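Participant: Listed below, chain by chain, are the residues.
2 protein chains.
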Amino acid sequence: MSREGVTPQSEDFSAWYNEVVVQAELVDRGPVRGTMVIRPYGYRMWELLQADLDGRIKEAGHGNACFPMFIPESYFKREAEHVEGFSPELAVVTVAGGKELEEPLVVRPTSETVIGEYMAKWIDSHRDLPLLLNQWANVVRWELRPRMFLRTTEFLWQEGHTAHADEDDAMRETMWALDAYAGVARELAAMPVIEGEKTPSERFAGAVRTYSIEGMMRDGRALQAGTSHYLGTNFAKVFDIQYQDAQGELVHAHTTSWGMSTRMIGGVIMTHGDDKGLVLPPRIATYQAVIVPIGRDETAERTVAAARELADRLKKAGVRVHVDERTQLRPGFKYNDWEMRGVPIRLEIGPRDLDSGVVTLARRLGDQGKEQIPLDRVPEVLPGILEDFQAFLYTRAEQYRDEHTAEIDDWDSFRTQVAGGWARVLHCGRTECEDEIKADTAATPRVVPLEAPEETGSCFRCGQPSAYGKRVIFGRSY
Amino acid sequence: MSREGVTPQSEDFSAWYNEVVVQAELVDRGPVRGTMVIRPYGYRMWELLQADLDGRIKEAGHGNACFPMFIPESYFKREAEHVEGFSPELAVVTVAGGKELEEPLVVRPTSETVIGEYMAKWIDSHRDLPLLLNQWANVVRWELRPRMFLRTTEFLWQEGHTAHADEDDAMRETMWALDAYAGVARELAAMPVIEGEKTPSERFAGAVRTYSIEGMMRDGRALQAGTSHYLGTNFAKVFDIQYQDAQGELVHAHTTSWGMSTRMIGGVIMTHGDDKGLVLPPRIATYQAVIVPIGRDETAERTVAAARELADRLKKAGVRVHVDERTQLRPGFKYNDWEMRGVPIRLEIGPRDLDSGVVTLARRLGDQGKEQIPLDRVPEVLPGILEDFQAFLYTRAEQYRDEHTAEIDDWDSFRTQVAGGWARVLHCGRTECEDEIKADTAATPRVVPLEAPEETGSCFRCGQPSAYGKRVIFGRSY
Ligand SMILES: [Zn+2]
Ligand SMILES: [Zn+2]
Numbered sequence: 001m002s003r004e005g006v007t008p009q010s011e012d013f014s015a016w017y018n019e020v021v022v023q024a025e026l027v028d029r030g031p032v033r034g035t036m037v038i039r040p041y042g043y044r045m046w047e048l049l050q051a052d053l054d055g056r057i058k059e060a061g062h063g064n065a066c067f068p069m070f071i072p073e074s075y076f077k078r079e080a081e082h083v084e085g086f087s088p089e090l091a092v093v094t095v096a097g098g099k100e101l102e103e104p105l106v107v108r109p110t111s112e113t114v115i116g117e118y119m120a121k122w123i124d125s126h127r128d129l130p131l132l133l134n135q136w137a138n139v140v141r142w143e144l145r146p147r148m149f150l151r152t153t154e155f156l157w158q159e160g161h162t163a164h165a166d167e168d169d170a171m172r173e174t175m176w177a178l179d180a181y182a183g184v185a186r187e188l189a190a191m192p193v194i195e196g197e198k199t200p201s202e203r204f205a206g207a208v209r210t211y212s213i214e215g216m217m218r219d220g221r222a223l224q225a226g227t228s229h230y231l232g233t234n235f236a237k238v239f240d241i242q243y244q245d246a247q248g249e250l251v252h253a254h255t256t257s258w259g260m261s262t263r264m265i266g267g268v269i270m271t272h273g274d275d276k277g278l279v280l281p282p283r284i285a286t287y288q289a290v291i292v293p294i295g296r297d298e299t300a301e302r303t304v305a306a307a308r309e310l311a312d313r314l315k316k317a318g319v320r321v322h323v324d325e326r327t328q329l330r331p332g333f334k335y336n337d338w339e340m341r342g343v344p345i346r347l348e349i350g351p352r353d354l355d356s357g358v359v360t361l362a363r364r365l366g367d368q369g370k371e372q373i374p375l376d377r378v379p380e381v382l383p384g385i386l387e388d389f390q391a392f393l394y395t396r397a398e399q400y401r402d403e404h405t406a407e408i409d410d411w412d413s414f415r416t417q418v419a420g421g422w423a424r425v426l427h428c429g430r431t432e433c434e435d436e437i438k439a440d441t442a443a444t445p446r447v448v449p450l451e452a453p454e455e456t457g458s459c460f461r462c463g464q465p466s467a468y469g470k471r472v473i474f475g476r477s478y
Numbered sequence: 001m002s003r004e005g006v007t008p009q010s011e012d013f014s015a016w017y018n019e020v021v022v023q024a025e026l027v028d029r030g031p032v033r034g035t036m037v038i039r040p041y042g043y044r045m046w047e048l049l050q051a052d053l054d055g056r057i058k059e060a061g062h063g064n065a066c067f068p069m070f071i072p073e074s075y076f077k078r079e080a081e082h083v084e085g086f087s088p089e090l091a092v093v094t095v096a097g098g099k100e101l102e103e104p105l106v107v108r109p110t111s112e113t114v115i116g117e118y119m120a121k122w123i124d125s126h127r128d129l130p131l132l133l134n135q136w137a138n139v140v141r142w143e144l145r146p147r148m149f150l151r152t153t154e155f156l157w158q159e160g161h162t163a164h165a166d167e168d169d170a171m172r173e174t175m176w177a178l179d180a181y182a183g184v185a186r187e188l189a190a191m192p193v194i195e196g197e198k199t200p201s202e203r204f205a206g207a208v209r210t211y212s213i214e215g216m217m218r219d220g221r222a223l224q225a226g227t228s229h230y231l232g233t234n235f236a237k238v239f240d241i242q243y244q245d246a247q248g249e250l251v252h253a254h255t256t257s258w259g260m261s262t263r264m265i266g267g268v269i270m271t272h273g274d275d276k277g278l279v280l281p282p283r284i285a286t287y288q289a290v291i292v293p294i295g296r297d298e299t300a301e302r303t304v305a306a307a308r309e310l311a312d313r314l315k316k317a318g319v320r321v322h323v324d325e326r327t328q329l330r331p332g333f334k335y336n337d338w339e340m341r342g343v344p345i346r347l348e349i350g351p352r353d354l355d356s357g358v359v360t361l362a363r364r365l366g367d368q369g370k371e372q373i374p375l376d377r378v379p380e381v382l383p384g385i386l387e388d389f390q391a392f393l394y395t396r397a398e399q400y401r402d403e404h405t406a407e408i409d410d411w412d413s414f415r416t417q418v419a420g421g422w423a424r425v426l427h428c429g430r431t432e433c434e435d436e437i438k439a440d441t442a443a444t445p446r447v448v449p450l451e452a453p454e455e456t457g458s459c460f461r462c463g464q465p466s467a468y469g470k471r472v473i474f475g476r477s478y
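Line by line, the protein sequences give chains A and B. Just so we're aligned, residue 1 is where the first sequence starts under my numbering, counting upward by one. Just so we're aligned, residue 1 is where the second sequence starts under my numbering, counting upward by one.
Hints listed in this document are in silico derivations from the structure and should not be mistaken for laboratory results. Watch out, some of these pointers could steer you wrong.
Copies of the same chain look alike in the list, so a pair counts if it fits in one copy or across any two.
As the list claims (entries may be wrong) - Capping the alpha-carbon separation at 20 Å, the derived lysine to aspartate or glutamate pairs in DMTMM-like fashion look like this:
1. K276 x D353
2. K121 x E455
3. K334 x D128
4. K315 x D54
These numbers come from a predicted model, not from an experiment.
Could you build the full structure based on these sequences and the hints that come with them?
Facilitator: As structure tokens, then:
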């Protein structure tokens, strides 16, 4: 209760983040290193993201399923690159039911292997394709540098797994998932993400091509907020995912996988937050508006009653609203509290407001100051104000991103640029060259944007001919 | 594809169950003993149950959260009865990130311990109470006699965990959860469950009182389909869940926990299924209706087009409908297939139906035969037909239960009765007497019904004075 506010974002971004996620009651540190407890104020945001993304997934014909989280170690080891990529991060069950297990069980870090096994079982004929599966699940990747939402030992995600007759159909699916993620990021999280392909060094372990959406955080770093992989026939070959085609030939299927996780919540926090704390986009805010009744004793009775009544009307209008009835606290404390917790709109109801039949409305951001709105009209006007606020956040984030992105053609400017933003560069595409850049600046190729003008030339770093036929985005990342 | 139907329920209930869950594509056996893969046809049922129950949970003011699934072994050991009850079933992670862990991690079999730790942290004052939490999660209990949905090593559930100022408030919550479960069972699953209290021998490990809902399966056995526990101050004492009351005194909170799981799907299957296979209640059926277009080649073009058009109109009317477009299969095969898979209503569209502007409707159960309905009117009448079917299933199950339940006062009749149903008896309440009954008949006290007339007398088995002030239900159970 005796909060002294958070470290300002502008002073220490990392401290700000670590403090705000806990103080805003989004999460708490878990009992095991790197784990987190997602509290109701944070979990509701995940549910809202989930509902939207799940709708898109179902609409496109995918069926939700649930595969076991314990994967026999032998399954996991079948795809060589895959096991190499994930081995250092695995948690392993060796004892169960009071006995040492004959075969250790990997707690899934991702489910390509176990789902591959079942795809092989369920697919016989070309008529069984495409097979479009998705699951909402918890996964475990042992983290040495944990950070709430961004990198936790256990996290929640959705993982799509699909099998197709050929590369064309699998690539259509891969790009569908990427677009769905971009849609969720833009429309719900108000994150102006860039869609693009990862360079080979940043590919998923076992994938032929990996695509991602990347958002810019307010410290200029990039956050990968969703990935979609075309797996070719890599998993199909090791798990025998084959089908009989129309001519009766046995052919390997082409598979995809794609995931979006609770990491997205971290993206929302770092895209919109400011010195005072969180700033939440209305479409995924747990509370879109908070009502603070003002006054004590008899006055409080009147204002609390009015606040509850208004809340009922707002709920009917589809607004997620909360009445702050903590009578033991001063209004000023509550204002700061809800600002820190990022609620888009605050409605104050004081005795004088009531006498004049108005409420005082304050936005979490934007210089419109406070305004008074007739009490009766609040349910009618608030949805529009929330949509405007949502759009305002998107535009603000887009401006921020564009101001912190530059076309760079020389090494000195690159070093300056990636210290606080993104550089759009021509690059040779060689992993060794990427490694040198990373060693010097901590910047890595984030993505080869899908939408970018054609351009070729020399690598800004090593002078060799550029790859990709367009500029690549480099930046430091989470 | 070459299915030969399932073993009739009336021949071998257990074989019927094991075959039907797999053939209907609800589940597949997991790669690890006792685990299951829930396939989309089964998972959708879980989602429908989940949506309904989640609505009730939120409406009553609970916040959803997500606690880590790895619990330090030391937490788990704090409550003596709790650890004793769960120890034989635990799966333990001993290796993570390539290293032996200093402290092994228990994969949660339930979360009282880890949530208790955080309740202690989050609760300071009486103003923080009640604290109403819920989570949707996977849990692990190592199973020696696994059975799909009923007892699997990993299962999905919801677990509510709440803290209250006193016993009264905690008991109100305990009974609220029980009623919510009864509501879901009756209204969605069409299961006429009995609500009641468990006898001490059947209590949750660490609870003061355990309540459950019990449904009768079509082999006369009972299925416990949801439990609600009043934990007293047992967990509050070991986890230091204390609050300052209005007088400034430090007092232990009273806690509750309650859960409903994927086991419920098993209950649906065994409550309504018959020799042909599943019979699904419309409110949780993945497909409420299936449309089978009849004919080949040009005829198929006409009927498939009409089926798709009808499906669109039904979807708009809120009906979950599927068009069976497997042109390579005969209609008779499809009819059997969808009957085995339990779809409540089948709509056949043949060329002659089309010429007359009708569809042929067949119910999965009930002796109404087939009927013809004008094509135009299907979206208007089908929702009512589905509701009638839902009500019919409930009534049928209630009749079945009542016909297989009897008041019993002597041992011989008891043995006969519990071979195929439930016995309502006066019992002494002694665990030793329960144990003897169980050793002879495999029947155990399922529940002391909340609603039952007052009655006392002598124990039907040992002659000692009866306990509970009313009759207890005994039966064999899952
Ligand atoms: Zn280069
Ligand atoms: Zn007795």
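Participant: All hints are to be evaluated individually against the structure, with a verdict given for each.
Facilitator: Hint check results:
1. K276 x D353: Neither, since 27 Å and 68 Å both go past 20 Å.
2. K121 x E455: Neither: 46 Å inside a copy, 57 Å across copies.
3. K334 x D128: between (57 Å within a copy, 16 Å between copies)
4. K315 x D54: between (23 Å within a copy, 18 Å between copies)
The structure shown violates the earlier hints numbered 1, 2.
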